[in-house]
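If you read the sequences in order, they're chains A and B.
Be aware that the first sequence starts at 1349, since it is given in my numbering, and climbs by one per residue.
Be aware that the second sequence starts at 3, since it is given in my numbering, and climbs by one per residue.
Since the hints were made in silico from the structure, they are not lab data.
Computed from a predicted model, the values in this text were never measured in an experiment.
Just so you know, even glycine gets a beta-carbon here, dropped at the ideal spot from N, CA and C.
There could be a bad hint or two in this list.
Here are the simulated EDC-like cross-link-like pairs (lysine to aspartate or glutamate), alpha carbons at most 16 angstroms apart as the crow flies [unchecked claim]:
| hint | chain 1 | residue 1 | chain 2 | residue 2 |
| --- | --- | --- | --- | --- |
| 1 | A | Lys1704 | A | Glu1410 |
| 2 | A | Lys1433 | A | Asp1458 |
| 3 | A | Lys1667 | B | Glu98 |
| 4 | A | Lys1433 | A | Glu1599 |
| 5 | A | Lys1618 | A | Glu1410 |
| 6 | A | Lys1376 | B | Glu118 |
| 7 | A | Lys1433 | A | Glu1528 |
| 8 | A | Lys1667 | B | Asp96 |
| 9 | A | Lys1667 | A | Asp1570 |
Calculated from the model, a selection of chain A residues having no Cβ within reach of chain B, i.e. all distances over 10 angstroms [unchecked claim]:
| hint | residue |
| --- | --- |
| 10 | Ala1405 |
| 11 | Glu1656 |
| 12 | Ile1728 |
Away from chain B, derived, C-beta distances all over 10 angstroms, residues of chain A [unchecked claim]:
| hint | residue |
| --- | --- |
| 13 | Tyr1463 |
| 14 | Arg1505 |
| 15 | Arg1589 |
| 16 | Glu1603 |
| 17 | Val1708 |
| 18 | Val1709 |
| 19 | Val1735 |
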Amino acid sequence: MTIFDAGFRRLRVIDLARVASVGLRTRKLRAGLSALGIAIGVAAIVAVLGLSSSSQAGLLAEIDRLGTNLLTVSTGQTITGDTAKLPTAAPGMISRVGPVTTVEQVGVLDKVRAYRSPLIPTVNSNAISVQAASLHLPRAVTTSIAQGRFLNAATARYPVAVLGAAAASRLGIDRIYPGERIWVGGQWFYVIGILHPATLAPEIDSAVLVGFPSAARYLGFDGHPTTVYIRAATDRVDAVRSVLAPTANPENPSEVTVSRPSDVLVARAKAKSALNGLFLGLGAVSLLVGAVGVANIMVISVLERRSEIGLRRALGAAKGQIRVQFLSEAILLAALGGAIGVAAGAASTAIYASTKHWAVVVPTLAWAGGLAAAVLIGAIAGLLPAVRAARMSPTEALWTV
Amino acid sequence: MTTNATLPTTDRLTAQGTPRRVLELRAVSKIYPSQPPVTALRGIDLTVTAGELVAIVGPSGSGKTTLLHVMGTLDRPTAGSVRVTGVDASDMTDRELAWLRATRIGFVFQQFFLAEHATVLDNVADGLLYAGVAYHERREQAAAALTAVELGDRLYARPTQLSGGQRQRVAIARALVGEPAIVLADEPTGNLDRATGQAILSLLDQLNSSGTTILVITHDRDIAGRMPRRVEMLDGRIVADGATKAASPIDGWWLE
Chain A
1349 MTIFDAGFRR LRVIDLARVA SVGLRTRKLR AGLSALGIAI GVAAIVAVLG LSSSSQAGLL
1409 AEIDRLGTNL LTVSTGQTIT GDTAKLPTAA PGMISRVGPV TTVEQVGVLD KVRAYRSPLI
1469 PTVNSNAISV QAASLHLPRA VTTSIAQGRF LNAATARYPV AVLGAAAASR LGIDRIYPGE
1529 RIWVGGQWFY VIGILHPATL APEIDSAVLV GFPSAARYLG FDGHPTTVYI RAATDRVDAV
1589 RSVLAPTANP ENPSEVTVSR PSDVLVARAK AKSALNGLFL GLGAVSLLVG AVGVANIMVI
1649 SVLERRSEIG LRRALGAAKG QIRVQFLSEA ILLAALGGAI GVAAGAASTA IYASTKHWAV
1709 VVPTLAWAGG LAAAVLIGAI AGLLPAVRAA RMSPTEALWT V
Chain B
3 MTTNATLPTT DRLTAQGTPR RVLELRAVSK IYPSQPPVTA LRGIDLTVTA GELVAIVGPS
63 GSGKTTLLHV MGTLDRPTAG SVRVTGVDAS DMTDRELAWL RATRIGFVFQ QFFLAEHATV
123 LDNVADGLLY AGVAYHERRE QAAAALTAVE LGDRLYARPT QLSGGQRQRV AIARALVGEP
183 AIVLADEPTG NLDRATGQAI LSLLDQLNSS GTTILVITHD RDIAGRMPRR VEMLDGRIVA
243 DGATKAASPI DGWWLE
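Hey, can you work out the whole structure from these sequences and the hints?
Okay, here's the thing in structure tokens:
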């Protein structure tokens, strides 16, 4: 007897997609504007996550380029809390360790200050340190000379100085010309070179570097190094690291501080910026506003399309099919916004990263999460209008114009 | 290809050759629960058999439109039973009623209700959307139905490019495309000028003679006069039901 042996048919997926896209296809401007809110929110989230990942990738690549095989040995503290001294023989001892390829050293002259001229008040030391440096220091810390030249065996014996990048700018020296000099420890030193920034050894940047012999001769340096820079074979770095303290100071290994500068930089690169949280929050607010926009548009759309709803009911649409149609339309609208947002976020990440020469990294979490959030928002925003559309009486929808 | 405007013979007649009842209303009442309650239908009994062309005629407020809602299963009667092709619609769920409409009933409206953004072909194909017919098959059947209403050359036109009469023919094709047991037409000529209206009535006549059961609701006695069977309504009751007299006296009691 029943006519339903043939069975009630659900809409095919392809038909549902067609029906759900009717509203978007016929009201393009409105659909575009209401998708915009969600697009902006998703774009903000994707861009923030993408940029922080890309900058991290860029920094890690930079660290890789600088080399992770740099180790430093520096003065620690004695048991009584005084600053310990490294033996003068430490660099020589360390260079005898097998996998060590390079050993360079500096010695900080902590009583000596450098000034642009003797007329500068002594308190204006600009936090510039004066250090005695060995002759191949720039190579060991992966920096190079920006102007002029570095110390050599001859110039290391005379009152000449090379400036770290930050020290040069604080002293107001941006180029080298013959006769350029600075006032160091009560006498003139001639400036012969300026270094590029040393990412792995930022303490060099704010230093005025002089030769060991001239430091001893003109500035009363006792010859004890304060930091030794060591390059070792990359696969043996850990082994070298474990023997450095006893090698540098066999009598008091605990008075030596050994560290690996690249570790610090990696840790810093991986730390999340506090601003990320702020921008993610703004993105979330924008998503919320977008959701309200979609809900609003869908409510209006349901009211406007009464006759369409009534017609579909007359053509045989069940309430559930009307509900699914409007819900799908809201989801489609939001997903469209989400897709545009992901594209915009990824594009802005790519553009910014390429200007900084970083690798472009858009984490899966960012784009998949952004899209998923958009779809979820569409579903929530579309729920109420869809239920209202389904509840609409077909007779009222068709006969009340 | 056969046109889909004709119904298979088996759908009109039972095996015994007795006329098949496509629509049966028994003691149907409809009361709208407003304050005070409005009684729109009072104990309507009506049977429509396959192949008939029926006019329901009456002044506004006589309950024609409510009757159409109830017959079309768009609204439930307060009391009484409605059977469509022998199936009792009283206890059906919303889904079952929707399926009944999708497969057994075609609607034609005064305002056409065509989707302006879609082609004529897609508008007609939508008539099969909820009957579970696949897209390409829908379009094929829609093209056949449009040919049957003499619009086979305007398949890809938009409704906005058509005249009123053409639009109503598109709407008729949409109602016919699913080969429904009955087509319910609500004032199909109400938005058309007289000549165009006549053409639409001729089309309905022609479709009926090729087998489609059609029920037309109208307040226009001239239109009703052209139909083989006329059901007159007043105040929610059927006051007359019979074959149209050849030259009916025009003294309609509802007209002044």
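Evaluation of the provided hints:
1. Lys1704/A / Glu1410/A: holds (11 angstroms)
2. Lys1433/A / Asp1458/A: holds (13 angstroms)
3. Lys1667/A / Glu98/B: With a Cα-Cα distance of about 11 angstroms, the restraint between Lys1667/A and Glu98/B holds, given a limit of 16 angstroms.
4. Lys1433/A / Glu1599/A: Holds: Lys1433/A and Glu1599/A sit about 12 angstroms apart, inside 16 angstroms.
5. Lys1618/A / Glu1410/A: Holds, at roughly 14 angstroms.
6. Lys1376/A / Glu118/B: Holds - the C-alpha atoms of Glu118/B and Lys1376/A are around 14 angstroms apart, at most 16 angstroms.
7. Lys1433/A / Glu1528/A: violated (34 angstroms)
8. Lys1667/A / Asp96/B: holds (7 angstroms)
9. Lys1667/A / Asp1570/A: At roughly 92 angstroms apart (the allowed maximum being 16 angstroms), Asp1570/A and Lys1667/A break the hint.
10. Ala1405: Given that every Cβ of chain B is farther than 10 angstroms from that of Ala1405/A, nearest at about 47 angstroms, it holds.
11. Glu1656: violated (7 angstroms)
12. Ile1728: Answer for Ile1728/A: holds, closest chain B Cβ roughly 25 angstroms.
13. Tyr1463: holds (80 angstroms)
14. Arg1505: For Arg1505/A, whose nearest Cβ neighbour in chain B is about 89 angstroms away, the distance exceeds 10 angstroms, so it holds.
15. Arg1589: Since the minimum Cβ distance to chain B is about 70 angstroms, Arg1589/A lies beyond 10 angstroms and the statement holds.
16. Glu1603: Its Cβ never comes within 10 angstroms of chain B, the nearest being 83 angstroms, so this holds.
17. Val1708: At roughly 40 angstroms from the nearest Cβ of chain B, Val1708/A sits farther out than 10 angstroms, so the non-interface label holds.
18. Val1709: holds (42 angstroms)
19. Val1735: Val1735/A is indeed farther than 10 angstroms from all Cβ atoms of chain B, at 14 angstroms.
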